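*Asks:* Given next are the chains, with one letter for each unit.
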Amino acid sequence: MSMKRENSLVFWLFLAPVLVAFTVVIVIPFFLGVAYSFTNWTSSAKADNALQFVGLQNYLSSFKDPAFAHSFGITIFYTVLNMVFINLVAFSLALLVTSKVRLRKIYRVGFFVPNLIGGLILGYIWQFLFNNAVPALGRLVPLFSFLTQAENLILAKNTSAIMALVIVGTWQYAGYIMMIYIAAIENVPVELHEAAMIDGASPLQRLKAITLPMAAQAFTVTMFLTLVQSFKQFDVNVSLTSGGPSTMFQGKPILGTELLALNIYNTAFLSNKLAEGQARAVVFFLVLAIISLIQVSINKKKELEL
Amino acid sequence: MKRFLVVLMVALMVTAFFAMGCAKTPEAAKPGTLTLMQNKPEIDGVLKAYAAAWGAKNNVNVTIKSIGGTAGAMGPQLKADYAAGDMPDIFTFDGLESYKEWEGVVLDVSGEPWTSKTAVAFKYNGKTFGAPVAVEGWGMAYNADMLAKAGIDPATLTNYDAYKAAFEKLNGMKKELGINSVVSMAASVEMGWVTAHHNFNSLLANGLPYGDLSVVNDLLAGTVDAKRLSEYADWVELLFKYADKGVLTTGNYDSQVGAFATGKAVFLHQGNWTDPNIKGANASFKMAFAPHGSMKQATDGIFVAAPSFYAINKDSKNLDTAKKFLNDLISTPEGHSYMVKDAGMIPAYSGIALQPDGQLSQSVQAWSAAGKVYSWSQYYFTGDFRDKTLNPIYNQFANGQISKAQFVDLMTKAFIANKK
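Protein chains in written order, with my numbering: chain P, 3 to 308; chain C, 71 to 490.
Just so you know, these hints were derived from the structure itself, not from any lab. All values reported here derive from a predicted model rather than from experimental measurement. Virtual Cβ for every residue (Gly too), placed ideally from N, Cα, C. One or more of the hints may lead you astray.
What the hints assert, rightly or not - Facing chain C, from chain P, some residues (calculated, C-beta under 8 Å):
1) T41
2) N42
3) S45
4) S46
5) A49
6) L131
7) F148
8) A152
9) N154
10) P255
11) L257
12) L272
13) S273
14) N274
Just chain P, same shape as in the assembly (with noise of 0.2 Å):
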């Protein structure tokens, strides 16, 4: 046997447990989902239950439906607002941790921490703090009062329930990219900073003309990261808002916070139509995929190499 013909063969030996495991567990599934989007499957016992092929019916009555629409909008809005927000704090607090701060480690931790907690649990959380929480503070405090006022719960009212979503987001979220944004900022060589002050920039001027261009690499993954995980968001909006409160949309009550995932799962399990849930989520997925790619493009260009 030929050197190059061993060594081909124990990469694929190396290779086989991913490969299998992908196949089995990522591909197939894909496809055997995109399959049963055409059919009127519904995994279960129903007495008339023959599995047949309906085309593109799934796929017409999820967009017939306002309620799948106002998700898409409202999802496409969340994730504008909780990128900013998330990368905004993430990238100030990496600013924080690594200037001369005291106890900047025990910081990095702090920031880190919210991360590891499950998103059904910190919704839970989260809801107390809206509920009860924030009206305590407005009767404490004065200037607050207003906050005690049922009409004036964060999570009563359909756009500040969006905002208590993105506030969760990038509380949970914010100290994970954060990690990233040290890496990236660490990364830059100490050479350029001293250069440029000597020359007497300024410590903006250095972060506009150093930091920022030398972490454009970390902002090609960041946005990514973060764009993926709002467009995902499912845990923190089931516990937290469970879709409410309700609003009209085309002329029919529907849930005002419901974003896409949980649109998607409330078809499948709710309506009992998982079919239909299932055209939805590939729908999902194409958007998710063009966006993202247009993203990464975007984002690749504003990188430099040293």
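Fit chain C to the given chain P structure using the hints.
*Replies:* Just chain C, lined up with the frame of chain P:
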């Protein structure tokens, strides 16, 4: 490389022999298996203990899976297991719509000995398919001490006008009674099961003979009785008006039940399953159920029925074990003790002398014994309709986004759109 292959072959053969050896281990009375999936996580512990004791006696390994949560959270798990070919031997379902979902695998149990002992088994086309898990009931749970203090006789609370007068009187006595609101009601989207399932049933069944489906069938056919709906809308408005707005619009189960248990509300719109929660909050006052006041006419009864049923999986390999498990649960003293004393449920079967401890459960039994009961008819509407169509309407009404006229209009439109 060759050596590597040899090692690989040897390893494979060893594994294969080992596996064969395992399979051929001689078996002395190998224990049977039984899997039960049910939807009450609050009784998970006691059911597991009962099942383990029963299993030890009958040489069966019983696995209990409890999946709880709102809106039939068990459904997704059951669907996943069904798709994976791993259905439990016994599972629970809640009514006609979910029976239809599983029609193909539910065993006809018409001939079982327990069927003669219950009046509330799940029947369809003259055959019995489900063994009731328990009997449950809801109405307006009231704090008897506070009503006495306000000089209101709970026996008079049978229609809309009586409730309206009582609510107004109690609302004027807020300081004296130390309450935040008269009623503890929840209408957030998360609590849609209180509005779009339980409260909705007042529209469907209040004041009708037990099992009367006339209103249900009319609504399913898209025919709306405007007078009945309008009176019902008055009732919903009354409940929302005298509820704590915070609990109403954003509260969860704990805050709703908690307000009643801690004496911050006189009435609670819930059922007897709140007994352990109220007891857990150390409530010491007297309480019982009063009827719903969803109509002008007096409706002297509360809503009582079996909330869920045990079904046996037709394709199960352990049919006899499953049948025996249910029979023993229903007819042995151990089963009775588990049902009533440990799980605190109201038994759905005759010949059980034990009584549950909870005050609200006892109240349900008293109403039931007096024959003053109305049906649960909400299960004749799909979960999709209740949770995704009705729930948002109630939620908007509670939030004050729509008026009563709009509420009636949206409900009417929803029924017409739901027509098959």
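*Asks:* Would you mind marking each hint as holding or not holding in the structure?
*Replies:* A quick look at each hint next to the structure:
{"no.": "1", "hint": "T41", "verdict": "violated, 13 Å"}
{"no.": "2", "hint": "N42", "verdict": "violated, 14 Å"}
{"no.": "3", "hint": "S45", "verdict": "holds, 4 Å"}
{"no.": "4", "hint": "S46", "verdict": "holds, 5 Å"}
{"no.": "5", "hint": "A49", "verdict": "holds, 5 Å"}
{"no.": "6", "hint": "L131", "verdict": "violated, 12 Å"}
{"no.": "7", "hint": "F148", "verdict": "violated, 14 Å"}
{"no.": "8", "hint": "A152", "verdict": "holds, 3 Å"}
{"no.": "9", "hint": "N154", "verdict": "violated, 10 Å"}
{"no.": "10", "hint": "P255", "verdict": "holds, 4 Å"}
{"no.": "11", "hint": "L257", "verdict": "holds, 6 Å"}
{"no.": "12", "hint": "L272", "verdict": "holds, 5 Å"}
{"no.": "13", "hint": "S273", "verdict": "holds, 4 Å"}
{"no.": "14", "hint": "N274", "verdict": "holds, 6 Å"}
Violated hints, in rising order: 1, 2, 6, 7 and 9; the structure is consistent with all others.
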